[in-house]
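Asks: No gaps in the numbering here: position 220 of the sequence shown is 219 in numbering that gives the first Met the number 0, and each next residue is one more.
Treat the hints with care, since some could be wrong.
Taking lysine-lysine and the DSS-like style, the derived pairs with C-alpha atoms no more than 30 Å apart in a straight line are [claimed, not checked]:
hint : residue 1 : residue 2
1    : 192       : 150
2    : 192       : 227
3    : 239       : 213
4    : 272       : 126
5    : 152       : 162
6    : 142       : 76
Simulated from the structure, these hints should not be mistaken for laboratory data.
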Amino acid sequence: MKNTIKNTLVFPALLVFGSSFLQTSIAAKTKEPVRIIVNDWTSQIILSKITGSILSDVGYKIKYVNSKSNGQWFKLKNNQADIQVEVWQGTMAKKYNQLIKTGDIVDAGNHAAKTREDWWYPEYVEKQCPGLPDWKALKKCYKIFATSKTKPKGMYLGGPWEKPDRARIRALKMNFKVIQVKNGDALWVELEKAVKEERPIVLFNWTPNWVEAKYKGKFVEFPKYSPKCISDPKWGENSKYPWDCGNPKDGWLKKIARTEFSKEQPCAFELLKNINFTNAMISNVAAAVDADKMSYDEAAQQWLDNNKKLWHSWIPATCSKIN
């Protein structure tokens with residue numbers, strides 16, 4: 000993930016494939032731009048730019064709206080943004096369900112990708128903490144994860160995003176303290192340092208993600224996720240507190256839109272529904288930036304150049320005709 004995002008950009012259509020657009024394509028060239036939410040991690044930024052480029056080719060103007068993940072719901076609810084292309088079940092399901100229930104957003108379908116977000120460790124740590132990936136092993140060997148900031152407790156290195164880690168530590172009675180980094184890049188800096196020294200580390204990770212191609216490791220296996228783990232304190236390991244479980248292992252990855260937008264711009268909404276990325280596709284575009292050091296725009300353009308047939312197929316026949 001990257002925490003620094005370029006300022007909001009508005010740009011008109013750059014490329015038009017063929018001169019004959021159908022009537023709905025011409026209607027798509029509205030004065031108001033499609034406002035795409037841009038979060039602060041690599042894959043979401045690139046997918047947003049890919050989506051923006053495709054919509055631009057159809058005839059829409061595009062505006063990228065920078066937003067932290069916990070602030071995007073306000074923007075969607077209050078007509079400050081139109082679409083979000085990467086909504087993760089593990090950390091966004093609660094807000095997603097709330098806004099679906101109130102009618103402020105609509106579901107634009109799932110990506111083929113399956114997601115997981117949870118505690119993770121490099122493979123060599125299993126020799127230092129026997130019993131992993133079972134979470135109970137961490138209760139026995141927490142001291143090896145201790146740092147000057149957390150002693151006598153072990154350190155769990157978390158990202159800057161909204162997560163239930165402190166609630167989970169409390170519910171499962173773990174001797175760990177959460178230390179949050181300021182941006183996603185800092186996670187990988189600390190991971191690389193630890194790997195070089197074969198030092199014990201447990202940190203936040205997710206899939207799909209480029210990291211899994213570079214470092215061997217595993218997710219910690221907490222008690223199996225259930226919606227009741229969050230809503231019913233009596234469920235699970237601890238009858239007093241919620242969040243005594245892990246995150247979903249095969250979570251969904253959704254696209255969403257502001258409800259009125261789906262009615263105002265049916266062509267754009269249908270196109271959004273057709274956009275579909277797999278785990279491998281997302282890992283590869285993220286690696287282009289985080290491993291190969293391309294810019295977000297370069298990575299997006301490279302994907303578009305290499306996958307023309309695929310993304311052309313996402314454009315509904317009622318939107319435009321590509322010659």
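Asks: Confirm or reject each hint.
Replies: Hint check:
1. At most 30 Å may separate the alpha-carbon atoms for a hinted pair to count; residue 192 and residue 150 meet this at roughly 20 Å.
2. A C-alpha spacing of about 38 Å is found between residue 192 and residue 227, which places the hinted pair above 30 Å, so the restraint is violated.
3. The hinted pair formed by residue 239 and residue 213 fails the criterion: a straight-line CA distance of about 40 Å is larger than 30 Å.
4. Of the supplied pair hints, the one linking residue 272 and residue 126 is violated, its CA atoms being roughly 45 Å apart against a limit of 30 Å.
5. Of the pairs offered as hints, the one joining residue 152 and residue 162 holds, with about 19 Å between alpha carbons and a cut-off of 30 Å not exceeded.
6. Pair hint residue 142 plus residue 76 does not hold up; C-alpha atoms about 45 Å apart against a cutoff of 30 Å.
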